[in-house]
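Engineer: These are the residues of each chain, in order.
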Amino acid sequence: MAGHSDYTPSNGFSRWLDTRLPILRFAHDTMISFPTPRNLNFWYAFGAILTFCLMMQIITGIVLAMHYVPSSTLAFDSVEKIMRDVNYGWLMRYLHANGASMFFLAVYVHIFRGLYYGSYKAPREVLWILGVIIYLLMMATAFLGYVLPWGQMSFWGATVITNLFSSIDQIVPHAGTAITTWLWGGYAVGGPTLNRFFSLHYLLPFVILGVVGLHIWALHVPGNNNPLGIDVKGPQDTVPFHPYYTVKDAFYISLFALLFAYLVFFKPNFVANPDNYFPANPLQTPPHIVPEWYLLPFYAMLRAVPQKLMGVIVLFGAIVTLALIPWLDTSRVRSLRFRPMLRPFFWVLVANCILLGYLGSKEPQAVWVIGGAHIELLWVARVATLYYYGFFWLILPIVGLIEHPLPLPESISKAVLGGDAGVAAAE
Amino acid sequence: MRIAQRLGLAVGAGLVVAALWAGAASTATAQNSQPDLSKVTKGEALPVKDVSFSFQGMFGVYNKAALQRGFQVYKEVCSACHSMNLVAIGDLGERGGPDFTPAQVKAIAASYKVPAGPNSMGQTTDANGQPLMRTATPADHFPPPFANVEAARFANNGAVPPDMSLLAKALHGGPARIYSIVTGFNLKPPPGFKVAPGKFFNPYFPGWNISMPPPLTDGSVTYTDGTKATLDQEAHDVATFLMWCAEPKLDQRKRIGLEVMIFLVVLSGLLYASYRRVWRDIH
Numbered sequence: 001m002a003g004h005s006d007y008t009p010s011n012g013f014s015r016w017l018d019t020r021l022p023i024l025r026f027a028h029d030t031m032i033s034f035p036t037p038r039n040l041n042f043w044y045a046f047g048a049i050l051t052f053c054l055m056m057q058i059i060t061g062i063v064l065a066m067h068y069v070p071s072s073t074l075a076f077d078s079v080e081k082i083m084r085d086v087n088y089g090w091l092m093r094y095l096h097a098n099g100a101s102m103f104f105l106a107v108y109v110h111i112f113r114g115l116y117y118g119s120y121k122a123p124r125e126v127l128w129i130l131g132v133i134i135y136l137l138m139m140a141t142a143f144l145g146y147v148l149p150w151g152q153m154s155f156w157g158a159t160v161i162t163n164l165f166s167s168i169d170q171i172v173p174h175a176g177t178a179i180t181t182w183l184w185g186g187y188a189v190g191g192p193t194l195n196r197f198f199s200l201h202y203l204l205p206f207v208i209l210g211v212v213g214l215h216i217w218a219l220h221v222p223g224n225n226n227p228l229g230i231d232v233k234g235p236q237d238t239v240p241f242h243p244y245y246t247v248k249d250a251f252y253i254s255l256f257a258l259l260f261a262y263l264v265f266f267k268p269n270f271v272a273n274p275d276n277y278f279p280a281n282p283l284q285t286p287p288h289i290v291p292e293w294y295l296l297p298f299y300a301m302l303r304a305v306p307q308k309l310m311g312v313i314v315l316f317g318a319i320v321t322l323a324l325i326p327w328l329d330t331s332r333v334r335s336l337r338f339r340p341m342l343r344p345f346f347w348v349l350v351a352n353c354i355l356l357g358y359l360g361s362k363e364p365q366a367v368w369v370i371g372g373a374h375i376e377l378l379w380v381a382r383v384a385t386l387y388y389y390g391f392f393w394l395i396l397p398i399v400g401l402i403e404h405p406l407p408l409p410e411s412i413s414k415a416v417l418g419g420d421a422g423v424a425a426a427e
Numbered sequence: 001m002r003i004a005q006r007l008g009l010a011v012g013a014g015l016v017v018a019a020l021w022a023g024a025a026s027t028a029t030a031q032n033s034q035p036d037l038s039k040v041t042k043g044e045a046l047p048v049k050d051v052s053f054s055f056q057g058m059f060g061v062y063n064k065a066a067l068q069r070g071f072q073v074y075k076e077v078c079s080a081c082h083s084m085n086l087v088a089i090g091d092l093g094e095r096g097g098p099d100f101t102p103a104q105v106k107a108i109a110a111s112y113k114v115p116a117g118p119n120s121m122g123q124t125t126d127a128n129g130q131p132l133m134r135t136a137t138p139a140d141h142f143p144p145p146f147a148n149v150e151a152a153r154f155a156n157n158g159a160v161p162p163d164m165s166l167l168a169k170a171l172h173g174g175p176a177r178i179y180s181i182v183t184g185f186n187l188k189p190p191p192g193f194k195v196a197p198g199k200f201f202n203p204y205f206p207g208w209n210i211s212m213p214p215p216l217t218d219g220s221v222t223y224t225d226g227t228k229a230t231l232d233q234e235a236h237d238v239a240t241f242l243m244w245c246a247e248p249k250l251d252q253r254k255r256i257g258l259e260v261m262i263f264l265v266v267l268s269g270l271l272y273a274s275y276r277r278v279w280r281d282i283h
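In order, the protein sequences belong to chains A and B.
Going by our numbering, 59 is the number at position 59 of the first sequence; the sequence numbering is gapless.
Going by our numbering, 257 is the number at position 257 of the second sequence; the sequence numbering is gapless.
Among the hints, erroneous ones may be present.
[What the hints assert, rightly or not] List of simulated lysine-lysine pairs, DSS-like, C-alpha gap at most 25 Å:
id, chain 1, residue 1, chain 2, residue 2
1, A, 267, B, 113
2, A, 81, B, 39
3, A, 362, B, 39
[Unchecked claim] Simulated coverage check for chain A against chain B, where a stretch passes if three residues somewhere in it have a Cβ under 8 Å from a Cβ of chain B:
id, stretch
4, 73-86
5, 136-143
6, 237-247
7, 265-274
8, 277-287
[Said to hold, decoys possible] Cβ-to-Cβ under 7 Å is the rule here; a few derived chain A residues that face chain B:
id, residue
9, 90
10, 250
11, 251
12, 254
Calculated from the structure, these hints are not laboratory results.
All of these numbers come straight from a predicted model, not from anything done at the bench.
From the three backbone atoms N, C-alpha and C, an ideal C-beta is built for every residue, glycine too.
Isolated chain A (complex conformation) (with noise of 0.2 Å):
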């Protein structure tokens, strides 16, 4: 989709397609001569690891909707009608419910690659935008697909997350629980909002999709950052796509089929909460509702707000704020390993986040016990959320203002190879 062109119809037909539809050409540009910097490493592999996760939730998905009854009385009974049932019906089911748990731990190494790298710096701030879209998106389509087989975790998180909405009564009194009802097609979590739940599940992930699709466009426009977070200077400093990144990208998903397959067969509900092998019961509240986890660091921040609206708040800007962080950081230097005052900063933040998981997967009320001194969860998770907004928005800025980077190397090529770049990257 950038600079010119180097294809060549082979053939009387492609050459009679190019005119009229370019859409050979368009591959060829986009997948197989696309110039990308020859220092990616094995962090980059996951943009093409997501596009496996979805292309998977999205095979098996269609397939279990062919089997699956999205009604309050048959949903349960449908979904263990393809376990027991269906031909290969346990496995699609497994692999599309651990798919996700992998989709999710693939995009949270794809988001902290981008911000280690300075993916989302200038000119790649659209990129990124649309970036944390997905993301969103991400999340939606994975609340309401848990809705879906109608177990008691099912029916109680979808009670709570829905009830957010109502916090909005505090701003404009009744318009929250209007909005809620509105969203139930009722007064409680039933039957209508399954059925909602089920269409809004299967639209969703065509809209990521499509905005895959302009993450994509808006990627080759600028092209790949890099690890070293400095321009392409040249040809040297590229390798197309193809064969190049190609094999390397099908190796590492080969890789992350094998931990994939390992947890569908052999550990297919490690990541599952075991309640949701219960029917709903509108009567009966389990005790410790907790969403899955690759939502627990969001209910953590939710819950560390004794208010809430402003968990709430807090929770929905702690996802705005990823998307302004273009505009945040104030450095010039892309990548962190040329920044070393804020790269200590950065990995307390990964660490952060994976103890606001933590806090979230634990009731609420929990203490830690450490030589004697009793920590309320509570306060640990009150600072975790502070860091998490104090790393964005006062780290973030004010460390770019202060911080003396190290020299960037002169280009691509020269850091690869060494002194005599363009001799050495004849291909």
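Using the hints, position chain B against chain A.
Structural biologist: The following block gives chain B in isolation, referenced to the frame of chain A:
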């Protein structure tokens, strides 16, 4: 570049190893000695007993004899109060399951009565309003012991015995939880803990008060295969059977899983070799 590559590989391999390790560690969480109830939070379910099953681990499959014995315990004891709505009688003949012969499955089916369809007069009940019944076939699911939730509640002192089809996956601790609860009735409540009226003390059950009376004792059943029916044996067998009810495709899943893993290891090796070859001239 080289270092980043190695790091990438190391992290990839590390993820796999971590998952394997976490999997192995998660199956071994327990203690078997008499628990000291005065030291734990009252009402908080004890960790499950340290009990191992044939179907654990990457290569673990169901023990056919244990499944057949477990079915006997279910049929003669559990099914008096617990339904098994999701399992068909014919499933008992599945390979990778209890694997009863077709003749045995037919005989088992014939021992159950299920509501019949309308008769030639279009009636589904007899003159007394009782539903017309017929002999079950392997295609029928196990008939529930109570007509509905209200009847179940009425017959059980206000508590509804949960359906058993998914119990081994729905309880925290899985089949080991079932084993622990069934064998966990012989403990004395600690001082200061009052057992609710009509309930039974069981510290392996959340809240420690359970509505189910001790279901099994030594000799509750007489095993057809001659195995000595101790409480421990019965509990272990029925936990195995209930795991099969909850996860009937486990054997098939692990067999295919092994094939998939071997395929992916070979594929990864080939892709790695291709990757090194393609990139050979670049560095």
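Engineer: Can you confirm whether the C-alpha distance between residue 81/A and residue 39/B stays at or below 25 Å?
Structural biologist: The given pair, whose Cα atoms are some 44 Å apart, is violated under the 25 Å limit.
Engineer: Going straight from one Cα to the other, do residue 362/A and residue 39/B come out at no more than 25 Å?
Structural biologist: holds, 21 Å
Engineer: Closer than 8 Å, Cβ to Cβ, for at least three residues: run that test on the stretch 277-287 of chain A against chain B and report holds or violated.
Structural biologist: Since 3 is at least three, the answer is holds.
Engineer: If you take the shortest Cβ to Cβ gap from residue 250/A to chain B, is it below 7 Å?
Structural biologist: OK, holds: residue 250/A within 7 Å of chain B, min 5 Å.
Engineer: Count the residues of the stretch 136-143 of chain A with a beta-carbon closer than 8 Å to any beta-carbon of chain B: does the count reach three?
Structural biologist: violated (count 0)
Engineer: Three residues or more, CB to CB closer than 8 Å: is that satisfied between the stretch 73-86 of chain A and chain B?
Structural biologist: holds (count 4)
Engineer: Given a cut of 7 Å on the nearest C-beta pair, is the interface hint for residue 251/A held or broken against chain B?
Structural biologist: With Cβ-Cβ at 4 Å, under 7 Å, it holds.
Engineer: Would you check whether residue 90/A satisfies its interface hint, that is, whether its CB is within less than 7 Å of any CB in chain B?
Structural biologist: holds, 5 Å
Engineer: If you count the residues of the stretch 237-247 of chain A with a beta-carbon closer than 8 Å to a beta-carbon of chain B, do you get 3 or more?
Structural biologist: Since three or more residues must qualify, the claim that chain B covers the stretch 237-247 of chain A holds, with 4 doing so at under 8 Å.
Engineer: Within the assertion that chain B covers the stretch 265-274 of chain A, do at least three residues meet a Cβ-to-Cβ distance smaller than 8 Å?
Structural biologist: With 7 residues in contact (Cβ-Cβ under 8 Å with chain B), the coverage given for the stretch 265-274 of chain A holds.
Engineer: Close enough to count: is the Cβ of residue 254/A nearer than 7 Å to one in chain B?
Structural biologist: holds, 4 Å
Engineer: For the pair we were handed, residue 267/A and residue 113/B, check the Cα-Cα distance against 25 Å.
Structural biologist: violated, 38 Å
In summary, the numbered hints that this structure violates are 1, 2, 5.
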